[in-house]
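Hey, can you work out the whole structure from these sequences and the hints?
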Amino acid sequence: MTTRLIGEPVQRVEDPRLVRGDGRYLDDLGSDAVEVAVLRSPHAHAKILDIDVTGALDVDGLLAIYTYDDLTGPLADPLPLLIPHPALTHGRTQYALARDEVNYVGEAIALVVAENRYLAEDAVERIVVSYEPLPAVVGVAAARDAANLVHDDVPGNVAANLVQQVGDAAAAIAAAPHRLSLDLSVERSASMPLEGRGVLARWDADAGRLRLWTSTQTATGVRAAVSVKLGIDIEQVEVITPDVGGGFGVKIVHPWPEEVLVPMAARALGRPVKFTEDRREHFVSAAHERGQLQHVEVGFDDDGRVLGLSFRFWHDHGAYIPYGLIVPIITSTQALGPYKIPNYRVEFDSLYTNTVIVTPYRGAGRPQGVFAMERTMDAIAAELGLDRAEVRARNFIQPAEMPYDQGLIFQDGRPLVYDSGDYPASLDKLKRLVDWDSWTSYQAAARAEGRRVGLGIACYVEGTGVGPYEGGHVRVDTTGRIEVATGLTSQGQGHQTAFAQIVADELGVPLSDITVVTGDTRRFPYAVGTFASRAAVMSGSAIALAARATKAKALRLAAEALEADPADLEIVDGMVRVAGVPGAELSLGTVAVLANPLRYAFDEASKAATQFAVGDPDAPPVAEDDEPGLEGRDYYSPARSTFASGMHAVLVETDPETAEIRILRYCVVHDCGTLINPMIVQGQVHGGVAQGVGGALYERMAYDEAGQLQNASFMDFLMPYVSEVPDSIEIDHLETPSPLNPLGIKGAGEAGVIPSAAVFASAISDAEGFSITAMPISPSELFHLRLQHVQQHHEGEPS
Amino acid sequence: MRVAGQATLHAPIERVWQALNDPAVLVRTIPGCQQLEATGPDAYAMTVSAGVASIKGTYAGTVQLAELQQPTSFVMRAAGAGAPGTVSADVTVRLIEQEGRTLLDYQAEAVVGGMIGGVGQRMLAGVAKKLAGEFFDGVNQVLTGVAAVAELPAAEPVPGAPQVFTAPPQPERRVAGEPVSFILGAVFGALAALAGVLVGARTARRS
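Chains as they are written, first to last, in this note's numbering: chain Z, 1 to 799; chain D, 800 to 1006.
No lab work stands behind these hints: they were computed from the structure.
Glycine included, C-beta positions come from ideal geometry on N, C-alpha and C.
Any given hint could turn out to be false.
Short derived list, chain D residues pointing at chain Z, Cβ under 7 Å [unchecked claim]:
1. Ala882
2. Gly884
3. Thr885
4. Val910
5. Gly912
6. Gly913
7. Gly916
Put into structure tokens, the structure is as follows:
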């Protein structure tokens, strides 16, 4: 009997290859390729007066130098604005190579192709660009003040202003028995995958065909964009995603300038061409996220129930806005979390700054929204002297109220309707896990010993599995092996394991017989991409449906061969058999042979499928409305996103002298519906928490006033090591299956990072006795906050 | 980035001003300076060669003088660019006579861009000060006669043509145990030291 695999902690089948160094990442490919280096702007804002390449021309091994003037047709247009929105009235995107102005340090100005990267960099150094520097707009406050403009034709630096509301927040706040207002801020950070961006292009001049490998989160997106930009029929463009060393959002942006320039050069030069981004380039020419200033006004009753909430924020989207308003829309809608806010108004400005573009980074605007709401919940509890968990519980949407319509429009243009969830049950689990009820006495005992400890809590709801669709293809070959393909890409999520588990269960085959291919447009040309914690929901569901179609066909064909009713058949361990009749069985490989009637034999299996061997001589070999082959293809396209949720608690200790912040415990309760593979979900949560620790306590983008990123290296940009991540992350799962898809699953990829800023701010506030309003926070910042509060305390005392 | 520093020069203020105005002195005392040239009214160009480990390059710099108050102060607006990055700085220089010696005080407001800006800004101020110190040591050696400049081959002045001064071949300098070639500092240090260049180049133009 085949054991059910969905829900089992199956070890990842991709790992033996990856941990032995057998992975094939972008830079492992194309050893015969010539390489590029990019001349990037050293100025945050400047006019380009002249580009003089003469000094570079005598570099040995130089093949070509491209500047804006060399771009033709659609390549000379700005790069696409990927996600238009009616509120995005002033959308601006960059040119593949800067035309006459640069708007951030790192913006691409010239592309040099040479025999290798060393020579290409030598040539880059010899290009002389004359600039007229312009005032740089750096940081949200400067953008909002608009004393200087990033783009002359964008007044106030405002790309978009968007308001959404339900009820009448202003009136509800005005009429509320209690009112509070909070000013909050969140700093920039970045996805920072270990592998940066990279592209390899081969142009087949004989076939007029382009094959492109790119380290992306969307092979089909890159394919469409490159086809349009280079004027090549899409059928002549293949995009393959090799092993990708992390994405975390930054690689969903496409096409990067290099993704169109590298194939352009490959076609022009007739040589394979490769771009491998270095770390500094990744810091200054990929993408960042998170930076916002926020203002919250809230009115609530004596029990801490929110009556009205007004959330105003200013979002820094960098120099251009290729990814549209996705991040601020997510902040504005997901701020609501698990709460029932009867009167809610949210308004944001998305602002240009002379800094690197901002596009989704794991969490994608949710960490900021959750920060605003959870700081508010803590503030209400503090104001009323109530327990922080209790205030949250009183505002929860109840399970019986599902599906719950929040009355807003979500990032996918669809109504923000929570499909399922049980927030009170999650909170109960978290309180038990962290021993919430004995916290007060624990803290008092610690204080008596001179220790400062704090417990933080934060809750979130996460829209996952956004549309429009994904597809899956399942094919059984004549040896009985199962080939599965889906179009979205993998960056370490364990898709080869999780999707195989789904197929193993649906089809009744051993896991080891299944191979999964992702992100290869030759295998599956219809797809959207891997983002918004959607791969398991979307491709997982599509693959389940495709496997069901394959099974139905296998049963139908086997029923004919076995002269049985399909309803009496089952597939166990790759054998189709009549239930309860020993010996009446066919292997799936044999069924695959029968599925493809042949004229010509080429091996023993095919001999069995030739015309003199099988089939009813009076019937068409392939029945009407049928197709040869044992395979199934299907698509999953839900009306709405599904909503996962979770709650985190962290126990921290802050050093009374040095203000160092130490994590004592980290507890997670997580609900992503049905778990396909608990070990993979656990790994996702671990990784997310680690990234969240970095975002809350260490990472920031240190821009100076001139727009120079001063910490553009791993020497200065602090990522958490294993020594900074909690030793044990305690996890409890709740499974409230989604009613929206066949497996009941919700996304899990981003969950771990979403409440980090909020939960650490909550814990540090609890330890210190004053509210933390800006994240991330370093020991020296905490130290200075202590001094300020001591000073204010003294000033407040009568002299 | 702000860099400020002081140096004591062992000569009266007028002699210091004179030395700082002598391109023959400056071209050999500015760390890494290969050449300087008057390009117009109060405008000068200089070339500095510097680098550390694999990051080496030649930097072309321009300098504009302003607010000259001989012999006590001036402001220098300098910009340099090379492969590893760009530097621009406004440097305010003040000279104060003290008992036969001269106290020089400089304050620079600098923007460092490109690779050097992103990789090691936190180290720049220190290295820049070190290089500036080396510059003033060099000037002091000239002022106190330890080093002679008489043999320095200044290019023959050609009426109407820009004046060009070229440094003699020099052994590699060292700063804080590293080859001066520490680019991060060299570019910036040269700019801090540019204080002198400008004045020097100005003298050249007048002569």
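Comparing the hints with the structure gives:
no. : hint   : verdict
1   : Ala882 : holds (3 Å)
2   : Gly884 : holds (6 Å)
3   : Thr885 : holds (4 Å)
4   : Val910 : holds (4 Å)
5   : Gly912 : holds (4 Å)
6   : Gly913 : holds (3 Å)
7   : Gly916 : holds (4 Å)
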